[in-house]
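Peer 1: Dock chain to chain to rebuild the complex, using the hints, since each chain is given by itself in its own frame.
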Amino acid sequence: MLGIEGLSPETISGLLDLSESYIDQNRSLDKRRDLLSGRTVINLFFENSTRTRTSFEVAAKRLGADVINMDVTTSSVKKGETLLDTAMTLNAMRPDAIVVRHSESGAVNLLSQKVNCTVINAGDGQHEHPTQALLDALTIRRRRGRLQGLLVAICGDIMHSRVARSNIHLLQIMGARVRVVGPPTLMPTDIDRLGVEVHYNMRTGLKDVDIVMMLRLQTERMQGSFVPSISEYFRFFGLDHEKLKVAKPDALIMHPGPMNRGVEIDSEVADDLDRSVIHEQVEMGVAVRMACLEALIGGRRNAIGAAA
Amino acid sequence: MSGDILRGAPPHAGSTAYINARIIDPTGDSEYDGAVLISDGKIADFGPNLFASGAPYGIQSVDCHGHYLAPGLVDARVHTGEPGEEHKETLESAAVAAAVGGITSMVLLPDNEPPFDDASLIEFVARRARQIKLTNMYAYGALTVGLEGKELAEMGLMAEAGAVAFTDADHAVGNAQVLRRALYYAKGFDALVVHLPQEPTLSGGHMTSGEMATRLGLSGNPPLAEVMMVERDIRLVEMTGGRLHLTKISTAESVKVIAAAKARGLKITCDTAPPYFALNDLAVGDYRTFGKLVPPLRSEKDREAIVEGLKSGVIDAIVSDHRPQDQDSKRVPFAQAEPGGIGLETLLPVSLELAHNKQLSLARLFQRLSATPAGLLGLPGGKLAKGAPADLVLFDADFAWKIDRVDFWSKTKNSPFDERPVQGRVMATIVGGRTIYRHDSFTPAAAAA
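Chains as they are written, first to last, in our numbering: chain R, 1 to 308; chain D, 1001 to 1449.
The shape of chain D in the complex, shown without the other chains (with noise of 0.2 Å):
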């Protein structure tokens, strides 16, 4: 608990230079010490020589003392209790876990209790996202009625009332038939479809098979689930034209079709999660139901492939997979936990083992996190570019610090990452111009000059 959720600050008016900062900016694939000004909660201009003699008169600075700033995350798969299960996540609580993690756009899943099925569902994040006026808030369409994998559900109407992009969350569509026309019927429309590809009778088991799934005396769900469904949806990509994006790829075979597949110039594009980068199935020894998780957490090899991944690009982006779960849920028998991490407040710092590691640049590393997951769902976030939204991050890469579950934002604590050595900390994020969170050690020097 070391900062401060700035609530109902104003919108952004007037200038306010961020200068003396480590400017990432991904879309131009670069990193330099330089400037940000923002004018009535836009960037108005950046780069590396803007105010290098020091910020005009007139208009308010912020020293950010060397830190980095960057694009705020745009984090495309969270899911809260809000409807239904309010006592694990509001999405109130969950736009504060995210304003502490650096995040100032968050796309939210529809597997809720009711589902996200209907155009009335969408309207009411929008209207709660209003009310809260933290991060931004985006949702999902159901790709079918009641994510039962069987009807369409309806596209159209939901992408007027603002769904970004439609899916059936942790569910995987395993009628190849109801896949075909939904991919085909977005097209129409050119929405994006956002699959888990796990082959659903095949997937049944509690983690990963191998030698620690038997040693545990716990089913097993084989990597060869993933494979062969992302084989399949490039086919019907392939057949349909649709526009295809694979979440939560976890398996290095995955990897390696979903590159081909690339190569043919089809239309497919994926992400993974920090568990799957930064975790291996040794993380769920001693029935550690925190490390349960869908897909489960898989070999070594395979995390090792995860991050070349990352690193070729193969795997666009990266996401959170938020998904609280209470002690009720985890503090059972493995089988009978519910699978699910929370990882707003971890993500960045996670993924930033990716740039300590030297695997990533953090131009690159910021393509993952920000520009790729905005530019795929069209939200106008997760770049530095003028005009665009002054959604920003500014964190210390070098803070060390521990996870520790106590100290979460989110409503519940089911971490896999808990205890974890990490480096990297936001110091504050920013919000169309408006600073959300402020980091205890962070004072911004507001001298106007």
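One chain only, chain R, in its complex shape (with noise of 0.2 Å):
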């Protein structure tokens, strides 16, 4: 799974249902099935994340797999090996499914070609986040049963985001509308042709829209000035109550994390109980995941299985 591009609504809706099958099984006291049993996952970060690494280790463990988390700070990657010999050299461990994070787009797909185990698409440079869209998604459909119809606005720093593309690619594909908000020099060219309505400012950005999804400002990935200051963003782009009024009445408000809080999103709307479902996408997180693994590497030849 390298990305929701291309995807069919059916492949989409079948993993949504599967991961609805876990929530209740992870809320329970008795959280863990023999699913994968005998099947090995590794965990191949390249860039630093502790909330997706851990998600997809606690989907794995929960059902019955190996994991085996590489850490790159320690591995011979930092000794001038090549991403496809790191590639090979765990191939050849024979994995069932490789789950990889990399600071490059496209760096997955290149090590899916060298490998002939499942490979997971965990976050690639600018490219894809497929599992952060899918536990969106999941999340927005238990909260307003449906994603058909919806009007959704991404917010912030939409050039750097993979989460931003993967939800553009996923919520049209499931028939959302989907609108980009943020300042001109964070929209990458031509995001019109994929479909978006594009706004430069947070009050018509916002008018009516029913799910407010908020991007992390991610200032690692800027090479130069894009905005003048982060109060001059926050003040702009930054999500509050005043910019939420435009929004329908029970908009929820979702960020993909880690948050920075004052810079693109104000703590009481973070935190705000009635609107906010941001710990409920890290839980979806799992069953998303938990999903993905059962439809890759579960050995249940479904219709699912398609995804892979």
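Keep in mind that a hint or two might mislead.
[Unchecked claim] On the chain D side, residues computed to face chain R include the following (Cβ under 10 Å):
id, residue
1, T1027
2, D1029
3, N1175
4, Q1177
5, P1200
6, G1204
7, G1210
8, A1213
9, L1216
10, Y1287
11, F1334
12, A1335
13, A1397
14, A1400
15, D1404
Think of the hints as simulated: they come from the structure by calculation, not from any bench.
Think of the CB as a built atom: it goes at the ideal place given N, C-alpha and C, for glycine as much as any other residue.
Peer 2: This is the structure we're talking about:
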């Protein structure tokens, strides 16, 4: 599973349905199944990520798989081994799935060409982060009962966001309408050709939306100055109750984390229990990743297996 | 690997008649059935009626079986790894690839390690060419020391040593004052300055800006980075009266602006390379690093404009822009991959698409491939003229084949045209009257009458 782009609505719905089945299990005392007993999953993270890696690890363990976390800071990558050598070395150990995160767009596609096990993209550069989009969709679907016809605003640093790209694809495949909102310097060229509506201010961008997805300002990926200052960014693009007034009264607030409070989101909004579903997103993340692992390496050859 | 490289043949002596050929004369803008007579390595005669009733007694003759015979290609943009990165390409392996590609003269870029910013390196290339004895080799001198775009290189001394023109290769000179001085200074030697117009502060991206880059999550290099520097360079030519040649034009806007400058009578010429008229940015889909080039592959609209520019003559020449990269430089994530593609062996077949598609006559095509680049750089080859060196290419324009990286003679295989079906294959390459390459399917019925 390398990206959302190109998946069918049936595949996505199937994965979401399967994810639903794990939510109750995860809430119960007995969380573990043996569906993936004997399977090996390697989490290969070339870029730091505590939450995504932990989420994949929890998901795989709850299904009974053996999980190995590759810590790149101590691996041979630092000794100059190339991405493909690392991939082929791990491949020779016959894992059933490799979960990969990398700071370069396309790195996971490249790696997947050289191994013969399942590869799950846990985020590649500014390209895609498919399981994040799936967990966002699951969160929305549980709260709103559907995706079809909803109006979703994705706000902030669109340019550097793989989460934005995966969500744009998924939401549109499922029949939702998508707006992107942010300063022009953080909009990728020709983003409108992906079918989204582009807004440069929150007032028009958030008007009547059902869902507000905030993105983290990814200063670590920025070369040069994209916004003059954090305080100016917060003033115009940070989500607070004032800006939220134009959205639907029951609009949900989402954020893929980690949040920069006071940069793209005000603490009052982030912690608003009525509207913020940020923690629910994290919970859904485990269920979605369990579903992906089951569909891809669960051995149950069902329709969802087509997601591979 | 379907042919023979003929090394070590002695200099051509006596006379050889190439008969029963379809002659392409770019300078005369014509194409006809006829013959070419070579004497002592030079073109002695040519024409439609020459040897119409057979070659005279005592002259060796080669039956061309109706294949096309044209001035050999003059490739004004070749990079090899010698010196510095011989594992990617040596001057010898490049000369072999050029021979297979019908290229009889190639001009080497100065961006090696060390860079050609010193007369001794220009002499080094000349010496290696004499040793290798295949395709003619010439070298550019660096425009600035270390190709850093700061201080002028020793153009006069390098010109004396044989540098044919001056360029900083794929490095654009961002500082207008430096390029202004370079144009002024070169004018004193009547030297041509070759410049890649890409505004450096805007061209840091990995592919052309647009929908595809946005989908792939790769940082973009806007087409505008080219035209704004073309416009600046045109003003500098106006100011200095220097001779400027812009290289690797890739956008519609640049073609428009250069056309206008030429109409005003400015001494500006330009070239493009096959990727820019035969491919667009879809070729880097799925992160195909063989399609990562400088400048990046552009949109379909730009590609069409480049074809139009070649038709109208706004674009004067076609270069291969041969730049070998090994697997280690290409089998990495796209943003980390080295840019560049090999082109010596595909220059002719891909360019022939312009003729097959009726966009250019063969005579016009060979103006772009042979006569014009030779003329711009003051090289002796590239034309059919009595007394000119007998540098010729014999090719079968209809020979259908599929480009396959496994078959390249170049040391590295990074062709953006891998797996492309093409039509047109070199049957023989002749330099100074000597046949340096012959395709397996061509048997010169060398019957001395």
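Peer 1: Double-check L1216(D) for me: the hint is only fine if its C-beta lies closer than 10 Å to a C-beta in chain R.
Peer 2: holds (6 Å)
Peer 1: Against chain R, with CB atoms and a cut of 10 Å, does the hint on D1404(D) hold up?
Peer 2: violated (19 Å)
Peer 1: Interface hint check: Q1177(D), Cβ to nearest Cβ on chain R, cutoff 10 Å. Holds or violated?
Peer 2: violated (24 Å)
Peer 1: Using 10 Å as the Cβ threshold, decide whether N1175(D) counts as touching chain R.
Peer 2: Because about 19 Å separates N1175(D) from the closest Cβ in chain R, which is outside the 10 Å limit, the hint is violated.
Peer 1: With chain R as the partner, please determine if A1213(D) meets the hint condition of a C-beta pair closer than 10 Å.
Peer 2: For A1213(D), the interface hint holds, since the closest Cβ of chain R sits about 7 Å away, which is under 10 Å.
Peer 1: Against chain R, with CB atoms and a cut of 10 Å, does the hint on P1200(D) hold up?
Peer 2: violated (13 Å)
Peer 1: Hold the hint about A1397(D) up to the distance rule: shortest CB distance to chain R must be less than 10 Å.
Peer 2: violated (37 Å)
Peer 1: Would you check whether F1334(D) satisfies its interface hint, that is, whether its CB is within less than 10 Å of any CB in chain R?
Peer 2: With Cβ-Cβ at 5 Å, under 10 Å, it holds.
Peer 1: Tell me if G1210(D) is really an interface residue toward chain R, meaning its C-beta lies closer than 10 Å to one of theirs.
Peer 2: holds (5 Å)
Peer 1: A closest beta-carbon separation below 10 Å is what the hint needs, so does Y1287(D) meet it against chain R?
Peer 2: Hint holds; Y1287(D) Cβ to chain R Cβ min 3 Å, cut 10 Å.
Peer 1: How about A1400(D): closest beta carbon in chain R under 10 Å, or not?
Peer 2: Since the shortest Cβ distance to chain R is 30 Å, the answer is violated.
Peer 1: Is the shortest C-beta separation between T1027(D) and chain R less than 10 Å?
Peer 2: Since chain R brings no Cβ nearer than about 44 Å to T1027(D), farther than 10 Å, the hint is violated.
Violation of the numbered hints given earlier is confined to hints 1, 2, 3, 4, 5, 13, 14 and 15; the remaining hints are satisfied by the structure.
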